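Chain R: place on chain Y using the hints.
Those protein sequence lines, which keep their order, are chains Y and R.
Everything in the first sequence is counted per numbering that gives the first Met the number 0, starting at 0 for the first residue and increasing by one.
Everything in the second sequence is counted per numbering that gives the first Met the number 0, starting at 0 for the first residue and increasing by one.
Careful, some of the hints might be misleading.
[As the list claims (entries may be wrong)] Beta-carbon label-pair distances, calculated as ranges:
{"hint": "1", "chain 1": "Y", "residue 1": "Thr14", "chain 2": "R", "residue 2": "Lys86", "range": "35 to 45 angstroms"}
{"hint": "2", "chain 1": "Y", "residue 1": "Val106", "chain 2": "R", "residue 2": "Asp82", "range": "54 to 64 angstroms"}
{"hint": "3", "chain 1": "R", "residue 1": "Ser91", "chain 2": "Y", "residue 2": "Glu292", "range": "42 to 52 angstroms"}
{"hint": "4", "chain 1": "R", "residue 1": "Ser91", "chain 2": "Y", "residue 2": "Val95", "range": "12 to 22 angstroms"}
{"hint": "5", "chain 1": "R", "residue 1": "Gln85", "chain 2": "Y", "residue 2": "Val2", "range": "15 to 25 angstroms"}
{"hint": "6", "chain 1": "Y", "residue 1": "Met0", "chain 2": "R", "residue 2": "Gln85", "range": "50 to 60 angstroms"}
{"hint": "7", "chain 1": "Y", "residue 1": "Leu3", "chain 2": "R", "residue 2": "Asp82", "range": "43 to 53 angstroms"}
{"hint": "8", "chain 1": "Y", "residue 1": "Leu3", "chain 2": "R", "residue 2": "Asp93", "range": "39 to 49 angstroms"}
{"hint": "9", "chain 1": "R", "residue 1": "Glu94", "chain 2": "Y", "residue 2": "Val2", "range": "46 to 56 angstroms"}
{"hint": "10", "chain 1": "R", "residue 1": "Lys86", "chain 2": "Y", "residue 2": "Gly61", "range": "26 to 36 angstroms"}
[To be verified] One side only, chain Y facing chain R, incomplete, derived with CB under 10 angstroms:
{"hint": "11", "residue": "Ala16"}
{"hint": "12", "residue": "Leu32"}
{"hint": "13", "residue": "Phe50"}
{"hint": "14", "residue": "Ile54"}
{"hint": "15", "residue": "Gly62"}
{"hint": "16", "residue": "Leu97"}
{"hint": "17", "residue": "Leu100"}
{"hint": "18", "residue": "Phe293"}
{"hint": "19", "residue": "Ser315"}
Everything labelled a hint here was simulated from the structure, so no lab data went into it.
On a predicted model such as this, the values are computed, not experimentally measured, just so you know.
Each residue gets a CB set at the ideal place from its N, CA and C atoms; glycine is no exception.
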Amino acid sequence: MAVLIFYAFVGLALTSAVVVVTTRNVVHAAFALMVTLFSVAAFYVFLDADFLAVIQVLVYVGGILVLVLFGVMMTSGSLLVKLRAPVRQLAPAAAVGLVLLGVLLHVSIAESPWDQFVLVEDPDGSAGAAIKAATSGGRSLDAVTTAPVRPRLTIAYMSEEAAGEGPADRLLEQEVGTALINTGIRRMYVVQSRPDALNPTRHVVLVEKRVTSLVRDRADADIGDDELAAVREAVAARPVDGFTPAEVDRPDMLLVTGLDEAGRAALVGEGRLREVTDVRTVVGLGDSVMLGEFLLPFEVVGALLLVALIGAAVVSRKELEA
Amino acid sequence: MITLSHYLVVSGLLFVFGMFAVLTRRNAIAILMGIELILNSANLNFVAFSRYVVGGVAGQMIAVFVIVLAAAEAAVALAIILDIYQKLGTISPDETRELKG
Chain Y
0 MAVLIFYAFV GLALTSAVVV VTTRNVVHAA FALMVTLFSV AAFYVFLDAD FLAVIQVLVY
60 VGGILVLVLF GVMMTSGSLL VKLRAPVRQL APAAAVGLVL LGVLLHVSIA ESPWDQFVLV
120 EDPDGSAGAA IKAATSGGRS LDAVTTAPVR PRLTIAYMSE EAAGEGPADR LLEQEVGTAL
180 INTGIRRMYV VQSRPDALNP TRHVVLVEKR VTSLVRDRAD ADIGDDELAA VREAVAARPV
240 DGFTPAEVDR PDMLLVTGLD EAGRAALVGE GRLREVTDVR TVVGLGDSVM LGEFLLPFEV
300 VGALLLVALI GAAVVSRKEL EA
Chain R
0 MITLSHYLVV SGLLFVFGMF AVLTRRNAIA ILMGIELILN SANLNFVAFS RYVVGGVAGQ
60 MIAVFVIVLA AAEAAVALAI ILDIYQKLGT ISPDETRELK G
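Chain Y extracted, bound-state conformation (with noise of 0.2 angstroms):
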């Protein structure tokens, strides 16, 4: 359902946006451009930015907009004419188009780093003693679980500590890569589990691609889609550290719920859970903002915005003098 009304918006933002682009009359623009606005505030709904889409709505739909709209109104002598370029402009922009939109695409879908999988063959259970090994002598030894899924398939559950992304980090990884090696594995998934900074009683788990060089190059096949599909499952059924992972609606994440306070005070204690803001809430947003780690960005914009209206109504003033 969710994927229908998001489905929805995609067609409403793409709709509008290509009238924007290609209506003759301005009025009419404006409005498709409000109706573009809102789905990419839809959007943000999708993306648990709750704060922003209101922002979105406010300030883009209620601000910029009825500022465009009055725009329009008091330069209406040349609204209805000319507007569309001559043909010898729309052709070289809509091969400029195309190819950036070739481009995007393709960085988008094909070459998307983001989405990648790694898989642990593990037929007989060594590859968890192999990572157990490689992250042994005090390291991150507490972090890394393994556990086996299938008879060929084992998924390593690394937290956060675990898998982050400095040069110790990486060190980690190539000895756990190593140690794979030696022990016939070709290929592994491993799972991060870290907590959700949105919404701190879920937990995200990762499911990316952590695996070196040398494991790569080794490898005999690309992984398939079915092979995809079981790994999902199967980190779907399986708890993670204790929760058990409740909505699998991401190929990249897991969102674990049914942490109660002590649970989680218990994980905060441990190390292993780490108390976040939740940024859902304008408190939280307003926490980052007036006393966190965007201060200074904050009165940066903030300064701009006032020599943006002193500049605008200067340049309106001089004409009526004048």
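Just chain R now, with coordinates in the frame of chain Y:
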């Protein structure tokens, strides 16, 4: 199942439409609408990446700042457009050549 790629495709299309409007329109206000489309597509990317890949509030914050920038830009641009219209009687970017040396 809605994936990150869905949002990237939508935002890529919006960007191309906006760029097409900027390139082909002969009305400065219509060009401004194209710019708004481009800014919205960038915003969508920020929020989608922050939801699916990074996790956290940074992408949403940048989107909020971009919205504020768009508001400031629209105010100044429309003031300039009105000024040009009162001076020259047209807002076609092809016909306003006052700055041409």
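Structure-based check of all given hints:
| no. | hint | in the structure |
| --- | --- | --- |
| 1 | Y:Thr14 to R:Lys86: 35 to 45 angstroms | holds (37 angstroms) |
| 2 | Y:Val106 to R:Asp82: 54 to 64 angstroms | violated (40 angstroms) |
| 3 | R:Ser91 to Y:Glu292: 42 to 52 angstroms | holds (45 angstroms) |
| 4 | R:Ser91 to Y:Val95: 12 to 22 angstroms | holds (21 angstroms) |
| 5 | R:Gln85 to Y:Val2: 15 to 25 angstroms | violated (50 angstroms) |
| 6 | Y:Met0 to R:Gln85: 50 to 60 angstroms | holds (52 angstroms) |
| 7 | Y:Leu3 to R:Asp82: 43 to 53 angstroms | holds (47 angstroms) |
| 8 | Y:Leu3 to R:Asp93: 39 to 49 angstroms | holds (44 angstroms) |
| 9 | R:Glu94 to Y:Val2: 46 to 56 angstroms | holds (48 angstroms) |
| 10 | R:Lys86 to Y:Gly61: 26 to 36 angstroms | holds (30 angstroms) |
| 11 | Ala16 | holds (4 angstroms) |
| 12 | Leu32 | holds (5 angstroms) |
| 13 | Phe50 | holds (8 angstroms) |
| 14 | Ile54 | holds (6 angstroms) |
| 15 | Gly62 | holds (6 angstroms) |
| 16 | Leu97 | holds (8 angstroms) |
| 17 | Leu100 | holds (5 angstroms) |
| 18 | Phe293 | holds (5 angstroms) |
| 19 | Ser315 | holds (5 angstroms) |
Violated hints for the displayed structure, listed by number in ascending order: 2 and 5.
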